[in-house]
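Respectively, the protein sequence lines represent chains A and B. Using the numbering used here, read the first sequence as starting at 1 and increasing by one per residue. Using the numbering used here, read the second sequence as starting at 1 and increasing by one per residue.
The hints are simulated quantities; they were obtained by calculation from the structure and are not laboratory data. A portion of the hints provided could be inaccurate.
[What the hints assert, rightly or not] Restraint-style ranges between C-beta atoms, simulated for each label pair:
1) A/Ser-39 to B/Lys-175: 24 to 30 Å
2) A/Thr-295 to B/Trp-36: 49 to 55 Å
3) A/Leu-78 to B/Thr-23: 42 to 48 Å
[As the list claims (entries may be wrong)] Below, a sample of chain A positions facing chain B; criterion: calculated Cβ distance under 10 Å:
4) Leu-203
5) Pro-224
6) Ala-232
[Stated by the list, open to error] Calculated cross-link-like contacts (lysine to aspartate or glutamate; reagent style EDC-like; alpha-carbon spacing at most 16 Å):
7) B/Lys-59 to A/Asp-192
8) B/Lys-2 to B/Glu-91
9) B/Lys-59 to A/Glu-40
10) B/Lys-2 to B/Glu-60
11) B/Lys-2 to B/Glu-25
12) B/Lys-59 to B/Glu-25
Built from N, CA and C at the ideal position, the CB exists for glycine as well.
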Amino acid sequence: MSTTASGPRPRLITQTSVIALLLLVVLLGRSWLQPLITSESFRTWCTMFVAIVVQSMPFLVGGVLLSALMSRFLSERLLRKVIPGNPVLAVPVAGVAGFGLPGCECAAVPVSEGLMRRGLAPAAALTFLLAAPAINPIVIVSTAVAFPNDHVMVVARIAASLLTTILVGWWCVARGDKLQMARRVTNHHHNDDFLYGALHDFLHAGGFLVIGAMAAAAVNTYVPREWVDSLAGQAVLSVLVLALFAFVAALCSESDAFVAASLTSFSNTAKLTFLVVGPAMDIKLASMESGQFGTRFARQFVPVVLIVAIGSAVLIGAILL
Amino acid sequence: MKTMTQGLVAAALAAVLIRISLTGEYLRFVQPWMRWPLLATGLALLLMALRPASGYAPKESWVPATSWLLLLPTLIVFSVVPPPLGAYIAERRPAQTPVLDKAPDRLPVATNGNPVNLGVDEFTWGAAEPGDPMGLKGQAVRLEGFVSTDEEGGWYLTALVIFCCAADVVVERVKITGRHRLAISGFASPEPGSRAPEPAPAIRQRCRPARSSRSRPRRTRTADRNLSFSGHGPAQCQWRCPSGATAWALRSRKYPMPRHTR
Numbered sequence: 001m002s003t004t005a006s007g008p009r010p011r012l013i014t015q016t017s018v019i020a021l022l023l024l025v026v027l028l029g030r031s032w033l034q035p036l037i038t039s040e041s042f043r044t045w046c047t048m049f050v051a052i053v054v055q056s057m058p059f060l061v062g063g064v065l066l067s068a069l070m071s072r073f074l075s076e077r078l079l080r081k082v083i084p085g086n087p088v089l090a091v092p093v094a095g096v097a098g099f100g101l102p103g104c105e106c107a108a109v110p111v112s113e114g115l116m117r118r119g120l121a122p123a124a125a126l127t128f129l130l131a132a133p134a135i136n137p138i139v140i141v142s143t144a145v146a147f148p149n150d151h152v153m154v155v156a157r158i159a160a161s162l163l164t165t166i167l168v169g170w171w172c173v174a175r176g177d178k179l180q181m182a183r184r185v186t187n188h189h190h191n192d193d194f195l196y197g198a199l200h201d202f203l204h205a206g207g208f209l210v211i212g213a214m215a216a217a218a219v220n221t222y223v224p225r226e227w228v229d230s231l232a233g234q235a236v237l238s239v240l241v242l243a244l245f246a247f248v249a250a251l252c253s254e255s256d257a258f259v260a261a262s263l264t265s266f267s268n269t270a271k272l273t274f275l276v277v278g279p280a281m282d283i284k285l286a287s288m289e290s291g292q293f294g295t296r297f298a299r300q301f302v303p304v305v306l307i308v309a310i311g312s313a314v315l316i317g318a319i320l321l
Numbered sequence: 001m002k003t004m005t006q007g008l009v010a011a012a013l014a015a016v017l018i019r020i021s022l023t024g025e026y027l028r029f030v031q032p033w034m035r036w037p038l039l040a041t042g043l044a045l046l047l048m049a050l051r052p053a054s055g056y057a058p059k060e061s062w063v064p065a066t067s068w069l070l071l072l073p074t075l076i077v078f079s080v081v082p083p084p085l086g087a088y089i090a091e092r093r094p095a096q097t098p099v100l101d102k103a104p105d106r107l108p109v110a111t112n113g114n115p116v117n118l119g120v121d122e123f124t125w126g127a128a129e130p131g132d133p134m135g136l137k138g139q140a141v142r143l144e145g146f147v148s149t150d151e152e153g154g155w156y157l158t159a160l161v162i163f164c165c166a167a168d169v170v171v172e173r174v175k176i177t178g179r180h181r182l183a184i185s186g187f188a189s190p191e192p193g194s195r196a197p198e199p200a201p202a203i204r205q206r207c208r209p210a211r212s213s214r215s216r217p218r219r220t221r222t223a224d225r226n227l228s229f230s231g232h233g234p235a236q237c238q239w240r241c242p243s244g245a246t247a248w249a250l251r252s253r254k255y256p257m258p259r260h261t262r
C-alpha cells in the first residue's frame, strides 16, 4: 500500500492508506452512522444523487473505454476519409453521426475529446457531442412512446435538435481559436497504457459528473414541482421556465420525454424547448465540459448552446406544432 | 491525488456498483435492465483501478481536485444507505397522472364479487377512460402502494414510477375518500418524523410488524369504517414502510422498490 512514498523507507501513513482507513471506518461503522442521519429530505437527496451517478456510470465508463480504443485504433486517415476536411461541411456530417452513439451525454464528453485527440476539427467534435445524446434511436423511440398521439413532436424534436447542433457547430467554426479551449488533449496524452489512460480520463470527467449530479439531485429533491407548474400560463415565460428546468434538473435524454409529457399544463412549444435544451446543455454537462475543455471555453459555449437551443425550439415549434 | 489513491477511489466505486447490482439494491436507483450493464461497468472499472497496483508508473498522473468527489457516492452508499424513494417525494410532487395515454399491457376486467388486483397506473387509466372498459364501477378493487398525505389532510394510495433513474420519478396516486373496506399490512410509526427501522432484509420480512419499541406494530383490517386508522389522524399515521413495501411484496416478491416502467 505504501510503496508510493518517496522517503528512503516505506512510510506507513500515506494518502492511500488514509483513504483506505476512512473507507474501512465508514464500512464497518455503518450501523452506528445510519441512525444519525434522520432527515428524510437529506436521505431522499442521497437516493437521487446516487441514482444519477449510478445511471451515468455505465455510460461514462463506456465512453472512456471507447475513447481509449479510438486513440489506439482509429487512424487519422480513416477519420479523414469519413469526415470532410472542411470544418463547415464536417459539422453537419458530425451532427448526423450523432445517430450512431446511443448513450447519454456522459459518454459523449470523453468520446468527443477522443475524436479531437485523433485530429478531428474541434467544431465537428463539439457538434457530435451535442448531437449524440439528443438524436439517437433510443431517444426517438422513447419520445414516440411518451407522446403517442402526437408524432409531430418526434419530428419537431429531431429537427430542432439537429438545427441546434449544426448552428452551434458553425458558431464554433466561426469562433476558431477565440474559443480558448484548454487543449488538455494535446499536452496530456502521454499515457500510452490503455487501462491507465482510461482510468485517468474517468477520474478527470467523474469528479465533474459528481458536481453536476449533486446539483441536479438538489433541484429534484428540494424544488417543489408546483413552482414550475405555476408559471405554465405565460407564453414566453413558460418557454424560459422549462428551458431553465431542463438545465438544472439534468434528466437523461432517454427519459426526459416522459417528464415533458407529464407537464400537461405547458404549451407544446414549451415542452419542445424542454426536450431540445435538456440533452444539449444541462448542469451536469456544463460541469463536465468546463472540466474537460476549460472554464473559459465553457463560459462561452454554455450560454451560446442554451440560446441557440431555445431559439431553434421556438422556431421549429412555431412551424410544426 | 497519488496514482495508488486514484486506483483505490475507482476500486471503491467499482465495489459499490458490483455490490448494488448483485444485491438488488440497484432497483432503488435505476431500471431493472441496468443490472448487467452495472455489473459489467463495475468489473471494467475494477480492472482499470487495479492498473496502478500492478506497478505501472504513468508519466503523467495529475488529476484535478474534483476527482476526490468520486468518493462521495461510495461514502453515501456505505453510510447513509439511501432508502428507496417514498412518501417524502410523493408528497412534494403533485400527481402527474396519467403519464401514458396508451392502454396498459393487460386489461384486467373485474368480475362480480371478486376484488380485482390492479396497479395504481392501471387503475388511474381504467378510471379515467370513458366507457369503463375495466368494469370498475361498483367493484371491489385491490390496489397496492404506499400511503401519502397532502396539506389538507387528505390521503392517497401512491405509487412511484421510475423512467430512467430515481431522479425522474413520477408520482401516481389515487385519492381515498369516503367509506371503504380497507386491508392494511405493514407498520406505522407512532409519530411523524420518527423512523421505523427499515425492514431489512425486506425480502424475507415482507414488511411484517417491526419488533422495535419505536414503532407500533399494526396489522389491521378495518371494515366499513371511516379511514382514520383507529384513532390516528392521517397526519400522525405516516406509513414508514419504505416506499411501496406492500407494492413490491406482491409485485416482484423480491425487492422493495418503486415501480418501473416496462
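Going through the hints against the structure:
Against the hinted window of 24 to 30 Å, the Cβ-Cβ separation of A/Ser-39 and B/Lys-175 comes to about 28 Å, which satisfies the hint. Evaluation of the 49 to 55 Å hint for A/Thr-295 and B/Trp-36 yields a failure: the beta carbon distance comes to about 37 Å. A C-beta distance of roughly 43 Å is found between A/Leu-78 and B/Thr-23, which places it inside the suggested range of 42 to 48 Å. Annotation: interface hint on A/Leu-203 holds; nearest CB of chain B at approximately 4 Å, less than 10 Å.
Annotation: interface hint on A/Pro-224 holds; nearest CB of chain B at approximately 6 Å, less than 10 Å. At about 12 Å, the closest approach between the beta carbon of A/Ala-232 and any beta carbon in chain B exceeds 10 Å, and the interface hint on this residue is violated. Proposed proximity of B/Lys-59 and A/Asp-192 is supported: the alpha carbons are some 9 Å apart, at most 16 Å. With a C-alpha separation of about 45 Å, the suggested pair B/Lys-2 and B/Glu-91 falls outside the 16 Å cut-off, and the hint is violated.
Restraint check for B/Lys-59 and A/Glu-40: not satisfied, since their Cα atoms lie roughly 46 Å apart, outside the 16 Å limit. Taking the CA atoms of B/Lys-2 and B/Glu-60, the gap is near 11 Å; set against the 16 Å cutoff, the hint holds. Of the supplied pair hints, the one linking B/Lys-2 and B/Glu-25 is violated, its CA atoms being roughly 31 Å apart against a limit of 16 Å. Of the pairs offered as hints, the one joining B/Lys-59 and B/Glu-25 is violated, with about 39 Å between alpha carbons and a cut-off of 16 Å exceeded.
Going down the numbered hints, you'll see the structure goes against 2, 6, 8, 9, 11, 12, while the others check out.
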